[in-house]
Amino acid sequence: MLTKPRPIRLKGRSFLALSLAPELPFEDWLVGLDDLAARSAGFFLRRPVVLDVSGLDINKADLRKLIDDLGQRNVRIMGVEGARPSLLGPDMPPAMSDGRPAGDFEPPAEADLDKTQAAPAVEPVSSVPPTATQAPASLMITQPVRSGQSLFFPEGDVTIVGSVASGAEVVAGGSIHVYGTLRGRAMAGTTGHGSARIFCTKLEAELIAIDGFYLTAEDMEPDLRGRAVQAWLEGRALKTGILG
Amino acid sequence: MGKVIVVTSGKGGVGKTTSTAALGAALAQSGEKVVVVDFDVGLRNLDLVMGAERRVVYDFVNVIQGEAKLPQALIRDKRLETLYLLPASQTRDKDNLTPEGVEKVIAALKRAFDWVICDSPAGIERGATLAMRHADVAIVVTNPEVSSVRDSDRIIGLLDSKTLKAESGERMEKHLLLTRYDPSRADRGDMLKVDDVLEILSIPLLGIIPESMDVLRASNLGSPVTLADERSAPARAYFDAVRRLKGEALPVAIPGERRGFFGKIFGRKAA
Chain A
1 MLTKPRPIRL
11 KGRSFLALSL
21 APELPFEDWL
31 VGLDDLAARS
41 AGFFLRRPVV
51 LDVSGLDINK
61 ADLRKLIDDL
71 GQRNVRIMGV
81 EGARPSLLGP
91 DMPPAMSDGR
101 PAGDFEPPAE
111 ADLDKTQAAP
121 AVEPVSSVPP
131 TATQAPASLM
141 ITQPVRSGQS
151 LFFPEGDVTI
161 VGSVASGAEV
171 VAGGSIHVYG
181 TLRGRAMAGT
191 TGHGSARIFC
201 TKLEAELIAI
211 DGFYLTAEDM
221 EPDLRGRAVQ
231 AWLEGRALKT
241 GILG
Chain B
1 MGKVIVVTSG
11 KGGVGKTTST
21 AALGAALAQS
31 GEKVVVVDFD
41 VGLRNLDLVM
51 GAERRVVYDF
61 VNVIQGEAKL
71 PQALIRDKRL
81 ETLYLLPASQ
91 TRDKDNLTPE
101 GVEKVIAALK
111 RAFDWVICDS
121 PAGIERGATL
131 AMRHADVAIV
141 VTNPEVSSVR
151 DSDRIIGLLD
161 SKTLKAESGE
171 RMEKHLLLTR
181 YDPSRADRGD
191 MLKVDDVLEI
201 LSIPLLGIIP
211 ESMDVLRASN
221 LGSPVTLADE
231 RSAPARAYFD
241 AVRRLKGEAL
251 PVAIPGERRG
261 FFGKIFGRKA
271 A
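Just so you know, the sequences run in chain order A and B.
Residue 145 in the numbering used here sits at position 145 of the first sequence, with consecutive numbering throughout.
Residue 93 in the numbering used here sits at position 93 of the second sequence, with consecutive numbering throughout.
Because the hints were derived from the structure by calculation, they are not lab data.
This one's a predicted model, so the numbers in the text were calculated from it and none came from an experiment.
Be aware that one or more of the hints could be misleading.
[As the list claims (entries may be wrong)] With a straight-line Cα cutoff of 30 Å, these simulated BS3-like cross-link-like pairs (lysine-lysine) come out:
| # | chain 1 | residue 1 | chain 2 | residue 2 |
| --- | --- | --- | --- | --- |
| 1 | B | LYS193 | B | LYS104 |
| 2 | B | LYS110 | B | LYS193 |
| 3 | B | LYS11 | A | LYS202 |
| 4 | B | LYS78 | B | LYS33 |
| 5 | B | LYS94 | B | LYS33 |
| 6 | B | LYS193 | A | LYS202 |
[Said to hold, decoys possible] Label-pair restraints from in silico Cβ distances:
| # | chain 1 | residue 1 | chain 2 | residue 2 | range |
| --- | --- | --- | --- | --- | --- |
| 7 | A | TYR179 | B | LEU216 | 42 to 48 Å |
| 8 | B | ALA112 | A | ASN59 | 45 to 51 Å |
| 9 | A | PRO85 | B | GLY189 | 46 to 52 Å |
[Claimed, not checked] Far from chain A by the CB rule (all over 12 Å, computed), these chain B residues:
| # | residue |
| --- | --- |
| 10 | ALA122 |
| 11 | ARG150 |
| 12 | GLU170 |
| 13 | ARG188 |
| 14 | ALA233 |
| 15 | PHE239 |
| 16 | ARG243 |
Think of the CB as a built atom: it goes at the ideal place given N, C-alpha and C, for glycine as much as any other residue.
Here chain A stands alone, though its shape is the one from the complex:
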C-alpha cells in the first residue's frame, strides 16, 4: 500500500555564528586562544563556530590538526570558510561561503581583558566583507566549450578565449567573458551577484541570464545577433547593448 509520501522540506536559512580566524603559526595562536578561554571559561561552549582560513598557506594535515586541537579545547567547528576544496576531507566540517555581514560580536570583556590578545582570537563577524565586493576568483578557458559540456564556476568570473557551442553552458558566480561566438547558454551572477555581466564578441546565444533573470534567443533584439554584445541587469530587467 503506497500512500502519498509527505514531501521533505528543505529551506535555506541563515544563522548567526562566530567566525574564528586563526593565524600562523597555529601554536602561538592557540596559546592566545587558551589565554582568552582561561579568562572567560566556557566562552566557546555550545556556540556555533566557523573557522575562517582564507589567505592561510596551510595543507590538509595542518587544517585537520587545527580542528582536532580546537576540539580538545571544546571549540566545535561547524564549517570552514575560505578553504580550497582540496583542503577539506569528507570527515571534516563542510565548506561555507557567502558569509553576510552582521553586527559586531563582542567577546565578554573581563575587567582585565587585554584587547590586543582578544582581537586575533575572535574576528567580529562584521569584518567579513560582503561577497559582492570580494576580489573574485577567475577561471580562464583557452579552448572552445563544446556542445554538451557544462562549465560551472560559482566562485567568480569565467573568461573563455574561444567559442561556446550550441548546447553548451557556462555558469559563473561572477561575470562571463567570451572572446568568440556565444552560441550556447551563459548564466552569470548565479550566486546572487546582480552586478555581474555577460560579454561576447559575437552573440548567437540560446539563453543568457544574470542572477536568475534571463532572455531566450527569441526574446533578444534581432539586430544584436552576430554582434559584439554585453548584457547587464537593471533592477529586474536584463538589458543588452552593442559593445563599442
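Following the hints, position chain B against chain A.
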C-alpha cells in the same frame, strides 16, 4: 606500431561507414597494411559496404569472448591484398564489448597493421566511447547541416575528455571530414557553408566529399567508392583526404567552385 583512427560523428547516417571503407581502401591502394574494424555491434554495416558479408564466420565479439582467435575473425579483401576487415557481431549487443577486450584486440591489431580504422556507431554511448578510446587520430564526419554539426561538436568534446590520449594529458589529433556536400544546395543557401562549419567546430579540414550517386552505387555493389570508381568525384576527394591524413599539405577545394578561375583554392586550416 600502427596508427589507430576512429571515424566518428555522433549523428547517424552522415557517412561514417562509407568513409571508413573508402579511406581504408584508398590507404590500402598505396600499399599500406590496413584493417577496418566495425564497432557497431548489433547493427553491423561495414561488411556490406566492403562486400564481405557472405564471408563472415567469426566476429569482434567472438574474439573478445575468446571463442575465436583474432586471425580467424579477420577477413581479407578480395581486391586488395593489404586490406582486412574485422566485422562486428549482428546478433549481440554493445554490452559484449568490454573495455579490456577492446584494448587487447586494438593492441594486437596495432602490432600487425599500419592503420587500424575504427568505424564508430552513432550516438555517444558505450559503442562510440569504446571505439574512440584507443584512437591516436579522430576523423569527425559531418554533414553541412545544423544538427550534424552540433552532434559533431559534442563528439569533439568527448574526444577531448574520454579518450586515453585526453586522460593522459595529450591532445587528440582531430580532423573534419565534410560529407554529402551538395554545391547546388550550398549555392541556394539550403546548407551550412564550409566556413560556417569550420568556424563552429574549429578543427582542421581533412576533406570535402561531394554528394554523389557514385557513393550510393558503390555501397550497393559492396565496394568502397575508392575501389568501385577511382575517377569519380567522391573517390578523388577521399584519395586527397588520405594524402592529407599522411601529412601532405594539400589545399582543399570546395566542390562546385571553379578552380583557378577566381583563385578559390583554399588552404583551409582552422584552429
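Hints, one by one, checked against the model:
Between B:LYS193 and B:LYS104 the CA atoms are separated by roughly 41 Å; this puts the pair beyond 30 Å, and the hint is violated. Straight-line distance between C-alpha atoms of B:LYS110 and B:LYS193 comes to about 37 Å, which puts the hinted pair past the 30 Å bound. About 27 Å separates the Cα atoms of B:LYS11 and A:LYS202, which keeps this hinted pair within 30 Å; it holds. A distance of roughly 14 Å separates the Cα atoms of B:LYS78 and B:LYS33; the hinted pair therefore holds under the 30 Å criterion.
A hinted pair counts as satisfied when its Cα atoms are at most 30 Å apart, and B:LYS94 with B:LYS33 qualifies at roughly 27 Å. In summary, the hint linking B:LYS193 to A:LYS202 is supported, as the alpha carbons are separated by about 18 Å, within the 30 Å threshold. Separated by about 43 Å at the C-beta atoms, A:TYR179 and B:LEU216 satisfy the suggested range of 42 to 48 Å. Between B:ALA112 and A:ASN59 the beta carbon distance is about 50 Å. The supplied range of 45 to 51 Å therefore holds.
The beta-carbon spacing between A:PRO85 and B:GLY189, approximately 49 Å, falls within the hinted interval of 46 to 52 Å. The claim that B:ALA122 lies off the interface holds: its Cβ sits roughly 15 Å from the closest Cβ of chain A, which is beyond the 12 Å cut-off. With a cut of 12 Å on Cβ distances, B:ARG150 falls inside the contact zone with chain A, its closest approach being about 5 Å. No Cβ of chain A approaches the Cβ of B:GLU170 within 12 Å, the least distance being about 14 Å, so the stated non-interface status holds.
Every CB of chain A is more than 12 Å from the CB of B:ARG188 (nearest about 21 Å), matching its label as outside the interface. A cut-off of 12 Å between C-beta atoms confirms that B:ALA233 is not in contact with chain A; the least separation is 31 Å. At the 12 Å boundary, the C-beta of B:PHE239 stays outside the reach of chain A, the nearest C-beta of that chain being 30 Å off. Distance check for B:ARG243 against chain A: the nearest CB is about 27 Å away, which clears 12 Å, and the non-interface claim stands.
In summary, the numbered hints that this structure violates are 1, 2, 11.
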